[in-house]
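Engineer: Here is how the chains run, residue by residue.
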Amino acid sequence: MSKDNQILEEFTSKEYEHGWSVDMEVDEAPPGLNEEIIKWISAKKEEPQWLLDWRLKAFKTWSEMTEPEWANVTYPKIDLQALRYYSAPKKSKKPKSLDEIDPELLQIYERLGISLNEQKKLQGIAVDAVLDSVSVGTTFKETLSKLGIIFCSFSEAVKEHPELVKQYLGSVVPMTDNYYAALNSAVFSDGSFCFIPAGVRCPMELSTYFRINAANTGQFERTLIVAEDSSYVSYLEGCTAPQRDENQLHAAVVEIYAAKNAEVKYSTVQNWFPGDKNGKGGIYNFVTKRGICAGDNSKISWTQVETGSAVTWKYPSCILKGDNSVGEFYSVAVTNNYQQADTGTKMIHIGKNTKSRIVSKGISAGKSQNSYRGQVQVMKRATNARNFSQCDSLLMGDRCGAHTFPYIDIQNSSAKVEHEATTSKIGEDQLFYCNQRGISTEDAVALIVNGYAKEVLNQLPMEFAVEAQKLLALTLEGSVG
Amino acid sequence: MKTIQINKATEQFLQVQPSHTSFSELRKAGLEILEHVGLPHFKEEEYKFTAISKKIEQQIKDYRPATSLTLTADQVDQALFNGFEGDIVVFNNGKFEPSLSKVSNEGYTLSSLQESSSSLLGSIANAEADPFVALNNLFFENGVSIKVLKGSQVQKPIFILHFNQAQGGQAIHSRVLIEVEEQAEVTLLENTISLDQDVYFSNTVTEVKVGSNAHAHYYRLQNENRQAIVANNFVTDIHRSATFTTVATQLSGDMLRNNLSLNLLDAGCEGNMYGLYLLNGKTHVDNHTNVDHTKPHADSNELYKGILADSSRGVFNGKIFVRQDAQKTNAFQQNNNILLSEDAIINTKPQLEIWADDVKCSHGCTTGQLDEEALFYLQARGIGKDQARGLLLYAFAGEVLDHIAYEPFKAYCIEMVQERLGTQF
Numbered sequence: 001m002s003k004d005n006q007i008l009e010e011f012t013s014k015e016y017e018h019g020w021s022v023d024m025e026v027d028e029a030p031p032g033l034n035e036e037i038i039k040w041i042s043a044k045k046e047e048p049q050w051l052l053d054w055r056l057k058a059f060k061t062w063s064e065m066t067e068p069e070w071a072n073v074t075y076p077k078i079d080l081q082a083l084r085y086y087s088a089p090k091k092s093k094k095p096k097s098l099d100e101i102d103p104e105l106l107q108i109y110e111r112l113g114i115s116l117n118e119q120k121k122l123q124g125i126a127v128d129a130v131l132d133s134v135s136v137g138t139t140f141k142e143t144l145s146k147l148g149i150i151f152c153s154f155s156e157a158v159k160e161h162p163e164l165v166k167q168y169l170g171s172v173v174p175m176t177d178n179y180y181a182a183l184n185s186a187v188f189s190d191g192s193f194c195f196i197p198a199g200v201r202c203p204m205e206l207s208t209y210f211r212i213n214a215a216n217t218g219q220f221e222r223t224l225i226v227a228e229d230s231s232y233v234s235y236l237e238g239c240t241a242p243q244r245d246e247n248q249l250h251a252a253v254v255e256i257y258a259a260k261n262a263e264v265k266y267s268t269v270q271n272w273f274p275g276d277k278n279g280k281g282g283i284y285n286f287v288t289k290r291g292i293c294a295g296d297n298s299k300i301s302w303t304q305v306e307t308g309s310a311v312t313w314k315y316p317s318c319i320l321k322g323d324n325s326v327g328e329f330y331s332v333a334v335t336n337n338y339q340q341a342d343t344g345t346k347m348i349h350i351g352k353n354t355k356s357r358i359v360s361k362g363i364s365a366g367k368s369q370n371s372y373r374g375q376v377q378v379m380k381r382a383t384n385a386r387n388f389s390q391c392d393s394l395l396m397g398d399r400c401g402a403h404t405f406p407y408i409d410i411q412n413s414s415a416k417v418e419h420e421a422t423t424s425k426i427g428e429d430q431l432f433y434c435n436q437r438g439i440s441t442e443d444a445v446a447l448i449v450n451g452y453a454k455e456v457l458n459q460l461p462m463e464f465a466v467e468a469q470k471l472l473a474l475t476l477e478g479s480v481g
Numbered sequence: 001m002k003t004i005q006i007n008k009a010t011e012q013f014l015q016v017q018p019s020h021t022s023f024s025e026l027r028k029a030g031l032e033i034l035e036h037v038g039l040p041h042f043k044e045e046e047y048k049f050t051a052i053s054k055k056i057e058q059q060i061k062d063y064r065p066a067t068s069l070t071l072t073a074d075q076v077d078q079a080l081f082n083g084f085e086g087d088i089v090v091f092n093n094g095k096f097e098p099s100l101s102k103v104s105n106e107g108y109t110l111s112s113l114q115e116s117s118s119s120l121l122g123s124i125a126n127a128e129a130d131p132f133v134a135l136n137n138l139f140f141e142n143g144v145s146i147k148v149l150k151g152s153q154v155q156k157p158i159f160i161l162h163f164n165q166a167q168g169g170q171a172i173h174s175r176v177l178i179e180v181e182e183q184a185e186v187t188l189l190e191n192t193i194s195l196d197q198d199v200y201f202s203n204t205v206t207e208v209k210v211g212s213n214a215h216a217h218y219y220r221l222q223n224e225n226r227q228a229i230v231a232n233n234f235v236t237d238i239h240r241s242a243t244f245t246t247v248a249t250q251l252s253g254d255m256l257r258n259n260l261s262l263n264l265l266d267a268g269c270e271g272n273m274y275g276l277y278l279l280n281g282k283t284h285v286d287n288h289t290n291v292d293h294t295k296p297h298a299d300s301n302e303l304y305k306g307i308l309a310d311s312s313r314g315v316f317n318g319k320i321f322v323r324q325d326a327q328k329t330n331a332f333q334q335n336n337n338i339l340l341s342e343d344a345i346i347n348t349k350p351q352l353e354i355w356a357d358d359v360k361c362s363h364g365c366t367t368g369q370l371d372e373e374a375l376f377y378l379q380a381r382g383i384g385k386d387q388a389r390g391l392l393l394y395a396f397a398g399e400v401l402d403h404i405a406y407e408p409f410k411a412y413c414i415e416m417v418q419e420r421l422g423t424q425f
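One line per chain: the protein sequences are A and B, in this order. Last residue of the first sequence: 481 in this note's numbering, with the numbers rising by one and none dropped. Last residue of the second sequence: 425 in this note's numbering, with the numbers rising by one and none dropped.
It cannot be assumed that every hint is accurate.
To be verified - Result set (SDA-like, lysine to any residue): computed pairs, CA atoms no more than 25 Å apart in a straight line: (1) K385/B <-> S414/A; (2) K55/B <-> G211/B; (3) K102/B <-> A73/B; (4) K147/B <-> G211/B; (5) K346/A <-> K43/B; (6) K416/A <-> F396/B; (7) K61/B <-> G168/B; (8) K346/A <-> K61/B; (9) K360/B <-> K470/A; (10) K328/B <-> E69/A; (11) K410/B <-> F84/B; (12) K416/A <-> P296/B; (13) K360/B <-> P296/B; (14) K277/A <-> D296/A; (15) K43/B <-> Q375/A; (16) K282/B <-> P408/B; (17) K147/B <-> S119/B; (18) K48/B <-> R381/A; (19) K43/B <-> I350/A; (20) K416/A <-> S341/B; (21) K328/B <-> I448/A; (22) K380/A <-> E342/B; (23) K360/B <-> N450/A; (24) K43/B <-> E69/A; (25) K416/A <-> G168/B; (26) K425/A <-> K43/B; (27) K147/B <-> K360/B; (28) K380/A <-> K425/A; (29) K346/A <-> E342/B; (30) K48/B <-> Q59/B; (31) K416/A <-> E342/B; (32) K385/B <-> P408/B; (33) K321/A <-> K352/A.
Unchecked claim - Quick look at which bits of chain A chain B covers, simulated, 3 or more residues with Cβ under 8 Å: (34) 153 to 165; (35) 388 to 396.
What the hints assert, rightly or not - Taking CB as the label site, the calculated pair distances span: (36) E57/B <-> K60/A: 30 to 36 Å; (37) F42/B <-> R357/A: 27 to 33 Å; (38) D62/B <-> N384/A: 45 to 51 Å.
Hints listed in this document are in silico derivations from the structure and should not be mistaken for laboratory results. For every residue, glycine included, the Cβ atom is placed at its ideal position computed from N, Cα and C.
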């Protein structure tokens, strides 16, 4: 008991030591949100008229909506009129070498196993052109374009592939979808666009490329992934490295379109500033992510490791429209101190013989609240739909909470739907067993937590699985009892 | 939310009521809630799939209690089942009917609510938690208060029997208060008889207090007519080392909404909830259960099973709260459903909210069909397909009925279930 408490105390008193910020001169919009600002953003980004019209329509929709309050989270309301909606890095005063970076941070990178060049990139250090990463980046780009794969920033896609963007933008997450999706539609700054042509199997994890090359895309990020017939892509967003961000509100939208026989694997690792141990500060992460398995035999798989943010509100979903399509959701959500996470998924079975699988592992420590909220819906014509859901919670300490809100709505008698949930804690006997065998309590906790989350971590691309494991250990360091 | 237009009717109603202080307080508070909140709209989370208020507004013209019927002793006798031996408490359109009741007062005392003036009345069921409790507070006329005396083991069950028939779509508000004192034990049964096939709105509230070391068993059958609209609130406070078990069997009605709450108020107590809903036609049954673990070392078990045919709809919402102090809690919840028809719908939401770390909690939920292989196995052994299906469904349902410890009532429920499985499925 006391040992547990002591360890807990140590963990919960640990501050987020990885935050840092870099001063940059930026090209900023004045604070506030109105049609003028949206026109200003659109002009700044030299967007075509149709996109501006789309944004304005979204803004109109948004202004008629009210902020949702159903999530199991509490936070002071954000004054959306006080935010700046455009802020692009203009000229950077960047650190010249890693020597100028906080050594403690470097240590973290080291322990996460992030390569030197990536470290530099993450820190915004100008990487010399001869250095590997850029040449690697260029090589990647060549390889990809040879296959016909388009992978670029959203603004670039708007300029160079307007027909594709026009066709798919808002097709999965309509601008009217919810409050934050509408807001994002109105003011999105940038993001990524990815198009895999028919029959192409993307030869690499787009993650690698992304991590090295994508610039900071701001707080209203928009990602659109289109996989044509029989194509395959694996995409990773975010990274295990701690991210300090001055924007308190992040409202991103991710849309995935999978055509016949296509497969998209989307992995997220999120480690944004969670606020200090008193729950002050931290990022609000209100994200709308949805994929549609539009064609037969298509598959979308979401994997997420959520360790950061003060408030997370995120439900990556799959619309299983094509016959025999498959949706998957694997999640590990860790909350500590005063963090709050309300996350889960929606699986909408529309096509015949559709299958979905949900594995959600929540870990709550400190005074945090961790909720799973999910929906499995089997529509009337979705014969032989199959779903398996498992949501487990691990509680560390007696001040935290774990909640599950699964909605299961079935309108077809041939559906087979299973849901199970358990709650447990790390037993003293388990720790004792490890201690006895010479494993320190901290390592034992990491071991047990990793074992607990393994089913999800296994779904991550290999190198990230390794990093994510270390990240879990690090987040729960000194920590969990 | 829609506030209901009851002011004028209420005034008339309240004018003719005997001035009884505890009632008038309840009525006043009930009226206030209804004026502010109104009946629940289906857009509210708690009533998401059950638009009961809309149905009531369309079909019920008057919220005031329906007038009493002329009941005979024969009708009461007919409502009993084989092997029943015990006391009978008759409700006539929501009002206690002492002349037809059979009350031995052996080990317990029974009085009408107007006589009893128990301070417990209205203290267990929270009118703010559900507007239908407020509605009952406002309109109930005379229910019963049963007090099982300290240390007494009531051998024979007490059968609460409702007779409902509301000419012209009236409302029926029955009210039961049960107090099981320390170390006492009692078994209660409940059934509702619809005397005709006409629509009525039955809004019942049952409050139960199970004292320290006491044991209470409550078995109920809901087999009302095809037009009945039912809102039922059942709230139990369970005290130290006490146990409470309830088994509900739901077979018929138009729309049934059951709110069942168990408050585990002290260490060592145990709450068990079992339910079986066997639906056909257009019956809509909504079971909202709520277990609140507030103190350490308490256990709860829940098993709800449903078989849905035709265009019936089942809604299940099981909440388990484990509060911060409730360490060493064991809470288990299971909901299984079988859909037999293309038009049947099930909406289920097993909800677990936990603030304590040293607990064992789990919930499971499945929806599916009969196992084809099991069906084949039986058919291969010469059992006809229909019979085999009936057998398998009965086996599925039987798991719930097994928890009824009073054999004659169990046999009665089994008979009803078998009849349904034989004829309808």
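Engineer: Tell me, which hint numbers fail for this structure?
Structural biologist: 2, 8, 9, 10, 12, 14, 16, 25, 26, 27, 28, 32, 34
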